[in-house]
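S.K.: Take a look at the letters that make up each chain.
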Amino acid sequence: MKKSMLIKIVLLLIFVVALSACSSEESNVAYGELDSASDEFEYTIISFDTFILEDLEEMADGATHIIRGEVLDQRVEWLDLTIPREVTEQQLAEEGLTEDEIAAELEGVIFEREPEIVTLSRIRVLEIFQGNHYVDDVIEIMQLGGEYGNERWIVDGEVELEVNSELVLFLVSWDMAGLPYSLLSHVQGVYYIPSELEDEYLIEAEDEHLSIELEGINEIDPVTITIEDLIEIAEENDLLDE
Amino acid sequence: MIFMLGVSSIIPLYVEASLNYDFSVAFKSDTMYVDWDDEEGLQVMALSSRSTVVTVNRPVATVRLHPNWGNNRPVEIVTRTRNREVGSLPRPARRSRNAQGNRPLFVDWFTTSATSGGRRVRSNTTVPNNANWNLHARWTNPNRHEDQWWQPAATGNTRINLRNFNSAFNSRWTTPMNNAIRGWNRSSARVEFNTNSTSNNRVRIPNVHPTRPTAGGRVLLEEVTGTDNSRLRRFSIELFSQPINSYVRNTPNATFTSVVESIMTHELAHVVGLRDNPTGVSHRNGSIMNTNRQRWIRVRPSDSDISNVNRIY
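Protein chains in written order, with the working numbering: chain Y, 1 to 242; chain G, 243 to 555.
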C-alpha cells in the first residue's frame, strides 16, 4: 500500500514537471490583443515597405495606365502571382541594362511563388489619361488580401476599392505574365474625386478649366495632383479628343 | 533516512486529504509540498530532508487589477497564493477606438499605474507576501504596434529565431541583411534575432511582388486564432530585387547596401510588433518605420523605435 502510494506521488510529480515544461515554451505564443472568435481562423498579416514616389512625373513613369474608372464588383481568389524570369529580364533590358548587368542583378533571386489570396475588382473605364484602353472597356485590378474559407489575409494600410465608386487609378500592367493590373502602390495608386466636386469636375473637364485637386487618400503622399495635371499627361500621350 | 521517514509519515495525511479535497504536489530544491484546500483555507505540508513533516496555512493575497483607463471603471479582484507564482491573470479589453478605428492594445499587468517603469508581472512572477497586491493594466497605441507580438522572455531579451540565409544569397545581399540583424541585436531593444539552420522563419529574395510593384520588402506574419488564444506561428521576410535595384539606380545618394539594410531593419521591426509610422516628410528619418524615410540615411532603428519595442517587451 505504501509503495503504491509512493509510486502515485512520483507519477504525479512527473506529471506536474511535464505540465510546467509545456507551459515554459514561450517563444511561440503571441501577446497583445486577443481575438475571442469562436471558430478557428488562420490569419496572415502582411506589411509592405513601399517606396514613396516624389512627384507626378515619377508616378506617370511608373504607371503603364492612368484612368478614371468605376468599380463594378469584386471577388476573392487564390492566385499564382509568379512573374517569370524572362518577363523580368525583358523589363530590365528595356530599362537599358546589359545582359551581364541583368545576370548580376538576378543572382539568387527566386521567381516561383506560392498562390496568394487576392481581391479582384472589375473596373469600367470612364476616361483614359495614359495607356491603350477605350472608354467602357472593363479591366481587372488585383490587390493582395481578402477572406477565403477560414483564411484571412490582411494587408496593413491597403486601400479598399468601394463598389460603385469612381476613382482615378495609376495602374501597372502585368499582361505579359497573364495577370490582372495592379495599383502603382497603395498610397499613390488610387485618388478619389471629392463627391461635392464631381459635378464641377465634369463641367470643368468639358471646359478644360481644370484646377480641382483630387483628394489624396493618405497623408503620407507628398504628391498633389490636379485635373490639369492629368489632362497634361493625356495630351502628352495624344489621348485628348479633338 | 530522515527524508524517507518523512515520506512515510506524509502518506496517511495525503490519503486523508485526497478523500475530500483536490490536492497538488510541488517540489522545490530539497522540499516537497502537498497542498489542498479545506474549511480552514489552503493547507500546505512541507517535507524536506532536514525536517519532519509540518503543516502550515499558506495565506492568500487579494490581487486588485486596475484597468487603468477612464473613471469609475470596475477593479477586478482575484486571489492568489502568496509566495507562489501568480499564474495567468485576466486580460482586459477596451471597446473605444481611435480615429483609425483601432482599439488600444493591452500590454501587460504592471506594479505601477504610470505609462513606464514599474515591474512587469508575468505568469512566473511570485506573489508578494502581502494581504493586498495592486496591479495596473498598461496599454499601447494601436497605431504604434501590431495586434500581436511575441511573448516577452521572463528574463533578458526575447529571442526570435530566423533561418540562416548566408548560403542562399551572395554577399551583396547578406552583408546588409546581417548588418540589420546586428543593428537590432546591438541596440538596447529587449529583443534579439538568432539565426540557425532549423527555423521555419525565412528570408527570401523574389524579383517583385506584382500587387505592390513599388515595394522594396514585405513581411508575412502567420497566426491562428482559436477559442482560447492567438498564436504567432511563423513569419517570412521578402526583399524585392527589382524595385530595390531600380530605386538605387534612380535615387541620388542611395546605395544598394544602405537601402537593403534599411528595408531589412524595417521588416525585422514588423516581426517584433512595430507598425508603420507614416509621419510624412517632415520627420521622415526619425523612425525606421516611416515609409517616407530616406533609405540611405535611416538604416538602423532610432531611439523612438527602440523605445516602442521596449514598451511591449
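Source of the hints: derived by calculation from the structure; they are not laboratory data. Virtual Cβ for every residue (Gly too), placed ideally from N, Cα, C. Please note: incorrect hints may appear among the correct ones.
As the list claims (entries may be wrong) - Partial list, derived from the structure: chain Y residues whose beta carbon lies under 8 Å from chain G:
#1 Tyr43
#2 Ile45
#3 Ser47
#4 Gly62
#5 Thr88
#6 Gly108
#7 Val109
#8 Ile110
#9 Gln143
#10 Ser173
#11 Trp174
#12 Asp175
#13 Met176
#14 Ser182
#15 Tyr191
#16 Ile193
Unchecked claim - Simulated DEER-style distance windows between Cβ atoms:
#17 Y/Val135 with G/Ser413: 46 to 56 Å
#18 G/Gly359 with Y/Asp175: 51 to 61 Å
#19 Y/Leu126 with G/Val466: 37 to 47 Å
#20 G/Val302 with Y/Trp78: 51 to 61 Å
#21 G/Asn492 with Y/Arg75: 45 to 55 Å
#22 G/Asn492 with Y/Glu162: 41 to 51 Å
#23 Y/Ala103 with G/Thr354: 52 to 62 Å
#24 G/Asn366 with Y/Arg75: 33 to 43 Å
#25 Y/Trp78 with G/Thr497: 51 to 61 Å
Said to hold, decoys possible - Reference listing, derived: stretches of chain G covered by chain Y, where coverage requires no fewer than 3 residues with Cβ under 8 Å from a Cβ of chain Y:
#26 456 to 464
#27 503 to 514
S.K.: When you take the CB atoms of G/Gly359 and Y/Asp175, is the distance between them in 51 to 61 Å?
M.R.: Hint holds: Cβ distance 58 Å, inside 51 to 61 Å.
S.K.: Evaluate the given range 51 to 61 Å for the C-beta pair formed by Y/Trp78 and G/Thr497.
M.R.: violated, 38 Å
S.K.: Starting from the range 46 to 56 Å, see whether the pair Y/Val135 and G/Ser413 falls in it by beta-carbon distance.
M.R.: holds, 52 Å
S.K.: Using 8 Å as the Cβ threshold, decide whether Y/Ile45 counts as touching chain G.
M.R.: This interface hint holds because 4 Å falls under the 8 Å limit.
S.K.: Answer holds if the nearest beta-carbon of chain G is closer than 8 Å to that of Y/Gln143; otherwise answer violated.
M.R.: Status holds, d = 6 Å.
S.K.: Y/Ile110 was flagged as interface toward chain G. Is the shortest Cβ-Cβ separation under 8 Å?
M.R.: At about 5 Å, which falls below the 8 Å cut-off, the nearest Cβ of chain G leaves the hint on Y/Ile110 intact, so it holds.
S.K.: Could one say that the CB atoms of G/Asn366 and Y/Arg75 fall in the range 33 to 43 Å?
M.R.: violated, 49 Å
S.K.: Classify the hint on Y/Met176 as holds or violated, based on whether any CB of chain G lies nearer than 8 Å to its CB.
M.R.: violated, 11 Å
S.K.: Under the criterion of a CB-CB separation shorter than 8 Å, is Y/Trp174 in contact with chain G as hinted?
M.R.: holds, 5 Å
S.K.: Using the C-beta atoms of Y/Ala103 and G/Thr354, is the stated range 52 to 62 Å upheld?
M.R.: holds, 59 Å
S.K.: Can you verify the interface hint for Y/Tyr191: is its Cβ closer than 8 Å to any Cβ in chain G?
M.R.: It is violated, given that the least Cβ distance between Y/Tyr191 and chain G is near 16 Å, above 8 Å.
S.K.: Hint validation: Y/Ile193 versus chain G, beta carbon distance must be below 8 Å. Holds or violated?
M.R.: For Y/Ile193, the interface hint is violated, since the closest Cβ of chain G sits about 23 Å away, which is over 8 Å.
Of the hints listed earlier, those the structure fails to meet are numbers 10, 12, 13, 15, 16, 21, 22, 24 and 25, in rising order.
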